[in-house]
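Enquirer: Listed here are the chains, written in short residue letters.
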Amino acid sequence: MTIRYVAALAGLVAAAAWNLSGQGLPISSDRLLKAADEPGNWLMYSHTYNSWRFSNLNEITTANVKNLRVKWLFQGRHIEKFETTPLVVNGIMYLTRPENAIYALDAATGRQMWMYEYRNPPRTFNCCGRVNRGLAISGNTLFMNTLDMHVVAVDARSGHEIWKTEMYDYTEAGGYAAPGAPLVVKDKLIVGMAGGERGVSGFLDAYDTKTGKRLWRFHTIPQPGEPNFGTWAGDSWKTGGVTTWNNGSYDPETNTLFWGTSNPWPDYNDDFRAGDNLYSCSVLALDPDTGKLKWFFQFTPHDLHDWDSTQIPILLETQFRGENRKALAWANRNGFYYLLDRTTGKFLTAKAFVKQTWAKGFDNNGRPELIPGNEPTPEGNDRVWPGVDGGTNWMSHSYSPLTRLLYIFAREEHRMFSKNEVPHPTTEPEANAIAAPTTIAQANAGAYDPAIGGAISRAVGMPEESWGKVIAVDPGTGNIKWEHRVLTPPWGGVMATAGNLVFGGTLEGMIFALNATTGERLWTFSSNGPVFASPISYTANGKQLISIPAGDLIVTFGLD
Amino acid sequence: MRVAALSLAILVTITAAQAQQNPALTGEPLIGAVPEVNPLETEADIKQGAALFQTHCSYCHGGRGEGGRGADLTAGEYRMGGSDRELFKTIRIGVPGSEMPAVRVSDDEIWRLVGYVKRLGSQGLLEKAPGDAVVGEALYAKNGCSGCHKIRQSGTDLGPALDDIGRRRGLVFLEQSLVKPEAYVANAFRAIQVLLKSGETVAGVRLNEDDLSVQLRDLGGNLRSFSKDNIREIRRDKPSLMPPYEGLNKEELANLVAYLNSLRGTR
Chain E
260 MTIRYVAALA
270 GLVAAAAWNL
280 SGQGLPISSD
290 RLLKAADEPG
300 NWLMYSHTYN
310 SWRFSNLNEI
320 TTANVKNLRV
330 KWLFQGRHIE
340 KFETTPLVVN
350 GIMYLTRPEN
360 AIYALDAATG
370 RQMWMYEYRN
380 PPRTFNCCGR
390 VNRGLAISGN
400 TLFMNTLDMH
410 VVAVDARSGH
420 EIWKTEMYDY
430 TEAGGYAAPG
440 APLVVKDKLI
450 VGMAGGERGV
460 SGFLDAYDTK
470 TGKRLWRFHT
480 IPQPGEPNFG
490 TWAGDSWKTG
500 GVTTWNNGSY
510 DPETNTLFWG
520 TSNPWPDYND
530 DFRAGDNLYS
540 CSVLALDPDT
550 GKLKWFFQFT
560 PHDLHDWDST
570 QIPILLETQF
580 RGENRKALAW
590 ANRNGFYYLL
600 DRTTGKFLTA
610 KAFVKQTWAK
620 GFDNNGRPEL
630 IPGNEPTPEG
640 NDRVWPGVDG
650 GTNWMSHSYS
660 PLTRLLYIFA
670 REEHRMFSKN
680 EVPHPTTEPE
690 ANAIAAPTTI
700 AQANAGAYDP
710 AIGGAISRAV
720 GMPEESWGKV
730 IAVDPGTGNI
740 KWEHRVLTPP
750 WGGVMATAGN
760 LVFGGTLEGM
770 IFALNATTGE
780 RLWTFSSNGP
790 VFASPISYTA
800 NGKQLISIPA
810 GDLIVTFGLD
Chain G
22 MRVAALSLAI
32 LVTITAAQAQ
42 QNPALTGEPL
52 IGAVPEVNPL
62 ETEADIKQGA
72 ALFQTHCSYC
82 HGGRGEGGRG
92 ADLTAGEYRM
102 GGSDRELFKT
112 IRIGVPGSEM
122 PAVRVSDDEI
132 WRLVGYVKRL
142 GSQGLLEKAP
152 GDAVVGEALY
162 AKNGCSGCHK
172 IRQSGTDLGP
182 ALDDIGRRRG
192 LVFLEQSLVK
202 PEAYVANAFR
212 AIQVLLKSGE
222 TVAGVRLNED
232 DLSVQLRDLG
242 GNLRSFSKDN
252 IREIRRDKPS
262 LMPPYEGLNK
272 EELANLVAYL
282 NSLRGTR
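Just so you know, the protein sequences line up as chains E and G, in that order. If you read the first sequence in my numbering, its first letter stands for residue 260, the second for the next number, and so on. If you read the second sequence in my numbering, its first letter stands for residue 22, the second for the next number, and so on.
Note that these hints are calculated values from the structure, not bench results. The structure displayed is predicted, hence computed values, not measured ones. There are no misleading hints in this set.
Below, a list of computed lysine to aspartate or glutamate pairs in the EDC-like style, where the Cα atoms sit at most 16 Å apart:
1) E:K325 / E:E779
2) E:K585 / E:D600
3) G:K171 / E:D414
4) E:K423 / E:E376
5) G:K171 / E:E420
6) G:K259 / G:D239
Construct all of the structure, not just a fragment, from the sequences and the given hints.
Expert: Here it is as structure tokens:
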């Protein structure tokens with residue numbers, strides 16, 4: 260009986276042969292290249308390699324969006340909020356929940372299929388919450404970065420761990436972390452890291468998706484002997500920050516990976532880091548096969564305001580002064596919208612999209628001409644626009660090929676920037692341990708508060724002096740076609756759809772749909788949980804759904 | 022008194038089972054700052070911990086911590102970490118995604134349990150497998166166990182992965198699982214057959230269920246979800262996909278158990 264049973268079962272298993280074609284797996288490189296052809300799925304952080312975060316689904320339209328209703332909620336049941344972008348493959352949603360758990364859900368009902376939890380040590384060092392922003396997928400494998408600087412590969416069918424690689428010792432300097440979503444390019448997993456407020460030394464890594472072996476590392480601060488070494492005074496390059504904590508984009512036509520970099524450290528005190536501090540606050544154009552730098556463009560040379568350039572790079576074709584250009588569009592945290600030629604990195608134009616006080620204009624190479632009086636001061640400078648959180652931050656923009664408009668959820672606010680003493684990490688050895696603790700015990704003892712990075716930046720002014728706005732920008736000129744204002748500066752991104760809609764959510768938890776052509780608000784839902792992520796759209800059982808995290812919930816909407 | 026204790030133990034078991042029924046309840050609840058070192062570790066505390074252990078833990082971990090359905094705690098090896106704080110957290114919130122539930126007692130009682138669990142772990146393995154693990158490994162291969170189980174990425178995910186099964190299950194439990202697998206089937210691996218109104222039948226391992234839908238991993242490894250509107254019947258009469266290995270003789274059984282017992286994972 261036993262033998263018969265086993266034989267029968269073995270036959271069943273063999274017949275099925277773990278063939279997951281019915282489930283949409285495996286995900287090949289080719290499918291990732293053509294992700295736009297699978298509008299029912301969401302295969303990578305920004306949906307497609309050009310990072311448009313545009314859904315080609317059009318069941319939900321300007322005419323029927325008023326009938327949207329909640330289909331299901333997923334409860335994170337965690338003290339930390341969601342900042343994740345889920346992936347969806349043929350009706351199965353894969354998402355990360357803080358700190359580093361992965362869930363597989365039935366995308367039609369939100370019911371859990373499996374969960375995997377990676378346990379971090381009690382203390383980790385991400386600047387801004389014990390959060391994670393999402394997954395990448397290749398073959399049958401999901402990939403996640405962890406707060407203690409590991410990359411894990413997990414079987415999408417079972418939730419079982421396949422491999423785990425340590426990127427770097429997370430306790431080095433003031434502490435490293437990896438909260439972002441990775442990106443798969445061909446057979447490589449591209450992974451960034453954080454710690455720009457903690458005197459780290461930044462890099463971008465590539466790992467073999469099959470084995471987890473590291474294939475290359477690009478140091479975001481030029482090392483001795485490399486080009487552009489010497490843009491940091493003295494030894495400041497050793498602790499200069501310049502991290503890579505968000506996601507990037509990929510142009511298969513030129514085989515170029517685009518990735519943004521963070522601020523130089525210490526954030527607001529530049530006493531010992533004179534120079535341009537390359538490659539901080541820049542976009543890097545890299546060969547994904549080798550990790551070699553093709554070109555770079557620095558948006559904010561010698562930054563003093565923590566204006567990370569870790570926004571999602573948007574690759575598009577647009578008319579610029581009558582010519583069609585392969586462009587890179589970038590609404591930067593420093594308050595300016597930039598258009599670059601993405602094949603060469605040449606600066607084309609820049610235009611402010613929020614109030615700004617720091618730049619008069621730009622030279623032909625895109626170097627800003629500074630307005631004096633914007634520097635952080637010991638007593639505090641409250642005249643600087645935008646604030647430390649920027650005109651934009653990490654949340655996603657969206658580009659619609661139908662309206663040819665770029666949608667940006669922008670922040671209008673100013674902040675107090677003050678400058679505190681930071682002991683020089685190498686020439687003041689007695690203060691060295693304070694500037695960059697060598698042990699966790701030192702950090703725990705509070706001898707060093709690295710999050711400050713040399714200053715305090717705090718909100719100033721009455722609530723009505725800061726606000727948020729969804730703007731529709733003509734990418735060729737930076738001109739704003741329409742603006743939709745919301746109460747407070749946002750932390751959520753936007754998504755445009757082929758239904759001529761733009762979805763997003765506010766800090767107060769209002770989830771909205773706007774008319775993509777006019778900016779008119781057509782539909783809202785009060786989730787009452789702060790939106791710290793960007794929406795996605797996909798299909799389950801053939802019906803278009805919209806999901807967006809709000810607080811510790813994932814909220815999913817659809818039509819009846 | 023014994024009746025009351027038994028009732029409580031049954032209640033705890035039922036509660037734990039209910040938590041398992043609903044995997045959505047296994048998320049991490051709010052937890053405050055936890056001291057690094059056990060503040061309640063006097064002999065009196067440990068004695069109280071022993072009593073609490075009998076009530077809340079012995080059903081799975083055995084009366085002497087020797088393991089069973091739950092891990093053998095006498096080896097002093099802990100999957101989720103063995104520091105005071107890590108043990109506290111494991112008892113407080115359980116191990117999400119596993120059969121270990123959160124233990125709903127006060128913080129002080131958890132610290133007393135931590136003290137007792139560490140005392141158990143200091144005594145060295147109580148039970149050693151008598152069989153030959155090397156011979157057992159050959160039996161594992163010969164019997165085609167990897168058709169449903171996975172060890173170090175080899176095999177399939179139809180049944181539970183066995184990488185650290187020796188750490189998670191006691192010897193008696195392992196033997197019983199081979200001879201009479203249907204005697205205990207973890208909730209995460211209960212077999213069902215879904216008979217659809219369309220006439221199709223889908224067999225697999227139930228992953229989740231509510232009044233509206235059921236989710237399973239089918240025999241091909243696909244994650245599937247079915248609305249109950251489309252289901253005619255769900256059959257649950259054969260909860261284990263694993264056949265009973267009654268044909269193994271006593272020595273073979275001991276060797277196979279020894280092999281399984283030697284699988285202790287990488288952590």
